[in-house]
Amino acid sequence: MTDEPRVKEMTYKNHRVTLREDENSCDLRIDGVPIKMARLAPESYHSHIFTHQEFSSAEELARALIDTEGTLWALPGEDEPHGPHDH
Amino acid sequence: MDIRKNIYSLTDAELNSFITAVNGLKASGRYDDFIRRHHHAMDESTTLPGEPMTFRNIAHRGPAFLPWHRYFLREFELALQSVVPGVTLPYWDWAADAALPSPATAPLWNTNPASGRIYIGGDGVPPGNRVTTGPFASWTALIESGSSLVPRAGGLIRLLGRDPIATGSPAFPARAQVEQALTVTTYDSSPWSESQTTAPSFRNRLEGWLRQSGEAGSQLHNRVHLWVGGDMLPGTSPNDPVFFLHHCNVDRLWAKWQALHPGSPYVPTSGGPPSHNLNDVMGHLTTPGSTPAASLDYRGNLGYTYDTGVALIQGRFGGQGNFELVVPRSAGGLAHYWRNNDDPAFPWFGPIPFGTSLGTVEAVTLIQSNFGSPGNLEVIARAGSQLYFFWRDSGPAFTWNGPFLIASGVSGHPAVIQSRFGAQGNFELVVPLAAGGLAHYWRNNDDPALPWIGPIPFGAGLGSVESVTLIQSNFGSPGNLEVIARAGSHLHFFWRDSGPAFSWNGPFTVASGVSGNPALVQSRFGAQGNFELVVPLAAGGLAHYWRNNDDPAFPWFGPIPFGATLGSVPAVTLIQSNFGSPGNLEVIANLGDRLEFFWRDSGPAFTWNGPFTIATGF
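Just so you know, the sequences run in chain order A and B.
By this note's numbering, the letter at position 74 of the first sequence is numbered 74, and the numbering carries on one by one without gaps.
By this note's numbering, the letter at position 194 of the second sequence is numbered 194, and the numbering carries on one by one without gaps.
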């Protein structure tokens with residue numbers, strides 16, 4: 001049985017999302033920046049940022065992170081967060 | 001000892017003190033230290049070798065979730081007190097707001113002074129969803145950026161019940177879910193994480209990962225974070241002061257669970273993930289020796305407790321007259337106990353629950369009236385800022401009826417008696433007002449509609465009053481109303497003449513260094529009948545005071561301390577029974593997790609006996 005990682009790349013709101021999953025791990029990068037997250041069970045994705053909830057897919061989690069980037073958290077290097085606030 | 005209260009129960013002065021302290025901490029930069037520490041704790045994972053994937057950190061998703069936050073909140077509370085001495089952390093009983101058609105309309109979020117008090121500001125305003133109202137408007141938040149936190153100006157972000165990031169519009173946690181959680185008898189189970197397993201875990205249920213059949217997504221604690229939305233979503237959630245109100249309620253629920261399950265220990269004692277074992281020191285806290293073990297006795301080791309009440313009478317049931325006791329239940333509503341005074345063993349019976357629809361009850365007062373035969377039990381209970389009336393028929397059904405709302409805008413501990421005014425004898429009620437001072441209500445028991453009349457305010461000069469006790473004495477005719485009220489650490493005496501002026505006189509300071517609620521009776525000691533007063537001491541234990549009513553100067557004597565081993569006592573109740581001659585003093589103290597009984601003989605030794613535990617886990 002092979003364990004080929006599934007790699008998916010997409011662009012959402014001008015951010016580049018890279019998802020890499022295999023049976024044991026899950027890796028998410030936004031604009032090349034690694035995001036602390038994990039798949040704890042099928043359809044149960046957890047992130048370091050949104051610590052009180054789970055997401056049904058890594059894509060859903062990535063979209064939530066990008067929707068709040070600049071308001072609830074910021075990619076490194078952004079000293080004065082401003083961003084779109086209307087989620 | 002600090003007593004934490006429902007935020008809706010705070011007086012205006014107490015609320016202002018809390019807001020002033022929070023804003024003072026924010027201005028000094030010390031508030032932001034709490035955001036950092038919470039974030040850093042969340043950033044520090046802790047796992048066991050070879051265990052399945054978990055996102056557990058030293059403060060969440062594991063057994064130490066509750067102990068870590070207990071210490072974190074206490075450290076925050078002490079920081080508040082360094083700004084405003086005496087202030088305590090209020091709790092937000094969010095399950096009570098769940099009964100509203102829309103919890104976002106709850107008073108906590110009010111922004112219109114004409115509609116009521118302003119607590120913590122309202123919902124965020126689209127499109128940015130910034131909080132522009134209330135005492136914390138325009139705050140600068142700290143948000144995570146890589147390995148550091150950076151400021152974000154322009155106000156907090158809230159999206160009450162409408163944050164799309166929170167998986168649509170999450171429903172509010174319901175009281176039934178809270179009550180179910182409190183029935184779980186095991187504190188936690190392996191794998192000591194957020195994993196969805198069939199293993200019972202009060203911690204995982206209350207934290208919100210463990211779901212029941214029919215539930216989806218985050219529950220209870222987690223769901224409140226999601227419902228508030230915005231800044232309450234990430235690990236920097238202490239940005240919003242509602243974090244502390246929310247977690248104070250979570251801590252209160254854990255304290256209730258501890259009371260309900262005194263035989264259920266904290267686990268794991270060892271072998272669990274680092275920082276989560278019973279005697280592990282938990283990181284990112286400032287209190288030396290902050291272990292889960294040390295957190296369990298929050299009263300003794302951390303120095304706070306939660307507001308509660310207790311009310312005792314000797315009724316006319318039985319040959320001797322049984323003791324009847326009503327006390328708020330940990331699971332919500334009230335519990336009735338009674339002691340069979342015709343049985344030489346004096347057994348206590350109960351609890352008999354009632355009024356569960358009220359949810360959390362913070363204070364209660366009880367009489368036996370002359371309605372029915374031998375007399376109905378009549379109860380007034382305060383839940384939040386509202387007073388509710390219950391009555392229990394004299395039998396044989398012994399059915400509790402109510403709740404019936406009789407007043408709003410109140411606070412603290414009420415006191416009710418049946419007076420000798422009117423042909424039947426009216427009910428007289430005195431209660432602290434949320435706006436400060438006291439109010440007198442009375443029920444015209446000669447009117448078939450039994451209307452409540454009031455409020456008749458008095459004592460406004462005292463400002464914030466926390467508790468009150470009331471009797472009708474044999475001074476005047478048919479008898480003056482005599483009131484003792486606690487404001488801060490002082491007891492103040494008022495009296496109202498028997499008419500026709502019905503003027504309230506006072507305040508006259510009686511004692512200092514007190515806490516909790518006072519309890520007053522006119523005893524059968526002395527020719528006139530002395531006043532006997534029992535009140536918790538701020539330093540712990542109880543004190544007895546008495547007023548010599550045969551001396552024209554009416555001097556107060558005391559304090560005569562007793563029950564020092566109890567530590568802090570949130571609530572106490574006192575009667576003179578018909579045991580002994582002229583009658584023993586009988587006291588019950590509610591410590592939140594147990595009821596302790598004392599009695600004092602009728603003399604000549606006048607010795608206080610006790611404590612005797614009469615109930616736990618109620």
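Note that these hints are calculated values from the structure, not bench results.
Glycine included, C-beta positions come from ideal geometry on N, C-alpha and C.
Hints may contain errors.
One-sided excerpt, in silico: chain B residues whose CB lies under 7 Å from chain A [as the list claims (entries may be wrong)]: (1) M53; (2) V84; (3) S218.
Incomplete in silico selection of chain A near chain B, CB under 7 Å [said to hold, decoys possible]: (4) N14; (5) H15; (6) H52; (7) P76.
### Task
State the violated hints by number, sorted upward, taking the hints as numbered earlier in the document.
Violated hints (numbers, rising): 2, 4 and 5; every other hint is consistent with the structure.
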